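**Student:** Just so you know, the protein sequences line up as chains A and B, in that order.
For the first sequence, my numbering assigns the number 8 to the initial residue and increments by one for each residue that follows.
For the second sequence, my numbering assigns the number 8 to the initial residue and increments by one for each residue that follows.
No lab work stands behind these hints: they were computed from the structure.
Note that the structure is a prediction, hence the values are computed from the model and not measured.
Check each hint, because a few of them may be wrong.
In this list, chains with the same sequence are indistinguishable; a pair is considered to hold if it fits within one copy or across any two.
[To be verified] Derived BS3-like pairs: lysine-lysine, alpha-carbon spacing no greater than 30 Å straight-line:
#	residue 1	residue 2
1	LYS357	LYS231
2	LYS352	LYS121
3	LYS429	LYS148
4	LYS346	LYS100
5	LYS256	LYS357
6	LYS121	LYS41
7	LYS245	LYS411
8	LYS256	LYS281
9	LYS411	LYS432
Protein chains: 2
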Amino acid sequence: MNAFFNPKSIVVFGASNKPFSLGASVCRVIEYLKFPSPVYVVNSKGEDVHGYQGFTSLDQIPPENDPIDLAIILTPAQTLPKIIEACGQKGIKRAIIESAGFSEVGEEGEKLQKEMTMVAQKYDVRFLGPNCLGTLSLPNKFTCFFGITPEIYGDIFEKPGTISYIIQSGGVGSLIMDSFQSDVVNVNKMVSIGNKEDLDEADLIEYFNQDQTEVIGMYLESVKNGRRFFATAQKSKKPILVYKVGRTKAGSQAAKSHTAGLANNDRIFEAACKQAGVARLKSISELHSIPKMFTTMPLLQGKRIAIFTNSGAFGGISSDLLIEAGFEIPLLSDSIQKKLNKVGKVYNSKNPIDLGPTFSKDIFNEIFQILLSSDEIDGLLAVPNIWQPIIIEAVKDLVNLCQKYQKPAAIYIPAASEIIIKIRKESGLPSFETPEEAVRALAISYAYYLFKEKNNLN
Amino acid sequence: MNAFFNPKSIVVFGASNKPFSLGASVCRVIEYLKFPSPVYVVNSKGEDVHGYQGFTSLDQIPPENDPIDLAIILTPAQTLPKIIEACGQKGIKRAIIESAGFSEVGEEGEKLQKEMTMVAQKYDVRFLGPNCLGTLSLPNKFTCFFGITPEIYGDIFEKPGTISYIIQSGGVGSLIMDSFQSDVVNVNKMVSIGNKEDLDEADLIEYFNQDQTEVIGMYLESVKNGRRFFATAQKSKKPILVYKVGRTKAGSQAAKSHTAGLANNDRIFEAACKQAGVARLKSISELHSIPKMFTTMPLLQGKRIAIFTNSGAFGGISSDLLIEAGFEIPLLSDSIQKKLNKVGKVYNSKNPIDLGPTFSKDIFNEIFQILLSSDEIDGLLAVPNIWQPIIIEAVKDLVNLCQKYQKPAAIYIPAASEIIIKIRKESGLPSFETPEEAVRALAISYAYYLFKEKNNLN
Chain A
8 MNAFFNPKSI VVFGASNKPF SLGASVCRVI EYLKFPSPVY VVNSKGEDVH GYQGFTSLDQ
68 IPPENDPIDL AIILTPAQTL PKIIEACGQK GIKRAIIESA GFSEVGEEGE KLQKEMTMVA
128 QKYDVRFLGP NCLGTLSLPN KFTCFFGITP EIYGDIFEKP GTISYIIQSG GVGSLIMDSF
188 QSDVVNVNKM VSIGNKEDLD EADLIEYFNQ DQTEVIGMYL ESVKNGRRFF ATAQKSKKPI
248 LVYKVGRTKA GSQAAKSHTA GLANNDRIFE AACKQAGVAR LKSISELHSI PKMFTTMPLL
308 QGKRIAIFTN SGAFGGISSD LLIEAGFEIP LLSDSIQKKL NKVGKVYNSK NPIDLGPTFS
368 KDIFNEIFQI LLSSDEIDGL LAVPNIWQPI IIEAVKDLVN LCQKYQKPAA IYIPAASEII
428 IKIRKESGLP SFETPEEAVR ALAISYAYYL FKEKNNLN
Chain B
8 MNAFFNPKSI VVFGASNKPF SLGASVCRVI EYLKFPSPVY VVNSKGEDVH GYQGFTSLDQ
68 IPPENDPIDL AIILTPAQTL PKIIEACGQK GIKRAIIESA GFSEVGEEGE KLQKEMTMVA
128 QKYDVRFLGP NCLGTLSLPN KFTCFFGITP EIYGDIFEKP GTISYIIQSG GVGSLIMDSF
188 QSDVVNVNKM VSIGNKEDLD EADLIEYFNQ DQTEVIGMYL ESVKNGRRFF ATAQKSKKPI
248 LVYKVGRTKA GSQAAKSHTA GLANNDRIFE AACKQAGVAR LKSISELHSI PKMFTTMPLL
308 QGKRIAIFTN SGAFGGISSD LLIEAGFEIP LLSDSIQKKL NKVGKVYNSK NPIDLGPTFS
368 KDIFNEIFQI LLSSDEIDGL LAVPNIWQPI IIEAVKDLVN LCQKYQKPAA IYIPAASEII
428 IKIRKESGLP SFETPEEAVR ALAISYAYYL FKEKNNLN
């Protein structure tokens, strides 16, 4: 599977020098990223594209270059059976079929898809797609996503991260790529699976369990083989977050005409997610907002949350959200309250803990230590208003304290999203954009802890 | 009431040249905004503050300046009864009491608050507060909010809008002020009502029904007089959007220690909102995101929504959200579909309408016209992916078409919030930051239409 993300050699079908050639845009990105493996292109004129040598057919590529590791195919649907046949004969065992026009367009396409699959099976060619973007891998700077502008997305390759995505839509994929440019955690790998006629979400969960991935994010319009998907998910050693479209009949109809997924009964899906420890996301924005809770914080191991704020109203707002999500906001004991009041500047020490104006980083630090080290609470909802830059520094220390005490904090800075994003980008604070997001992150972390506990995985 | 927002003359109590004087920060903002009315300050030394003449007591201000229109008071709580007495004797009929230390801190404060109120009643002095920020009025560039940095907030005064806010928390007030710097609709007036011992939310709804306000946004921690509030709300000619904290016991406890509001039974509140046509918001971010649906679009007059997108996956995502919110996504008739297909570039004309790549503004325009002019749909959920700047122009035209056909469109650009905010700021497009927000806006618009219909207000 790794060769789909880091191929030792590549042949691109459907790259030409015509305007709007999708294949050419793939070549352009590969060239821009200076991907070191050899790349060949096959087109009717045999012309070179973006400096990569062109051939009129696969057999023209000299056999000393065999075996070619990966074929990337962007030619019209009806050419696929023949191209796969040629690949098989040339000994190519892997293909990314980006071409559309298969089961997502109806019966004719469905037939063509089956025909192509039979050829692939004959030669043991494994493939991603059809109707997909293929793979993106930050650590080794490779992608075959078409249509992306390297000047825009180029810099994400400079900071690979530990989230990997399995995405059944190019549009959602690029939305996520946009989003993690303004968040603190970065992507490791991303794969667009399209109609997933051969390799599917389960294969990719298995693969991401073997690399440096820490969290798996998924956007699904359908599940190919529910039983296998959930069995694989349940065995996953890494948390899986899924946004699934098609919760309603209308949604699944719309999804069906987009990629070729069958509608699944949503209640069954929901129940199976719970059993397999899969977190079901409520919005596509959670695909980029929630993972940082797993990559920057320990798991939440209990229900008892302390709210910390230096901005009165947000104590009440957060309390509502926590209680609605099933958490407890315990009244702190006299001894903890005494400790908190000794630190000074604390308006309210009961919980929510309300801090008055202070310029001292030490005061924040002491309060965080008292709370995290206490056996009365399991986690923190920190709602610091950034009156001064010193508060950013204090909250950065909180992130370290959370590791020390093995209790998480969900951080929400009560400001306009534009401001939160700016602070987050500059400081690296894993802060959420709304109090709802922060509470959701706590809830998802806790549910995953409970799942692991139940299955003796902790 | 207008004098609270545009006083002809002002006296500030509690402004001095000591560091961190909240009163001085009020004077500084008034001066920065070049508010034209005379301002006097009263402090123990009788010193001038930010160029405004100082006096040791109210009687020292020469009587030829009487009557002073408004007193703004930031002195310690226990001084209030005497200051209100002095105001009464000087003929001052309005006060904004920003000082804290009243019913929000407990029994002692409660007593002081009652004592002060009796004095005010004796002299017929009406007041906002205590424990509040007072007023902000963009059209005449006035505010007595303390602690705001004019350099940061100064430019919001340059573009007054039509949303007015009634806010029971300074922190939430400043969050909203931050937020509308990155949204398309601007604020008209904002009032922080604090403990609302005298003037309350109902008085302000009445006032905002008489000025240029188009939508009223509220953040409430409590309701002083439920019966009067809902009676006033029901009579309001302008939509009212409320976020109320204290939905849970823990939330209302936290709110209680912040400003002095009593906990209210949330279910009763919910039911009363429905009856009075008040939209209950689900998050504080909706306080800035939803109003643009009312200021830029006609009301939604039916359930039938067409989804327009040029990015496949979002048809499914939007369908789920619309159906879950109780909307219908009707299959378009053959005749409409024929018209749509004639325009060209349409992948799917059934609904969701899925447009292929196009560089033509006319194609967008024709599709929007076909949809909005049809009697098969009541409104549009437009999900344009901005591949090219031309699409921004096309969607700008949509806003005008919505007025022409008197049907609304909720616009969501599927991109990272950072990008949406940038496009929105530059183009003025009333676009939402998530598909959930866009669907909520449609739902709130429709609920308000139904309320007006039921009460013969349309």
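**Student:** So which of those numbered hints doesn't the model satisfy?
**Tutor:** 4, 6
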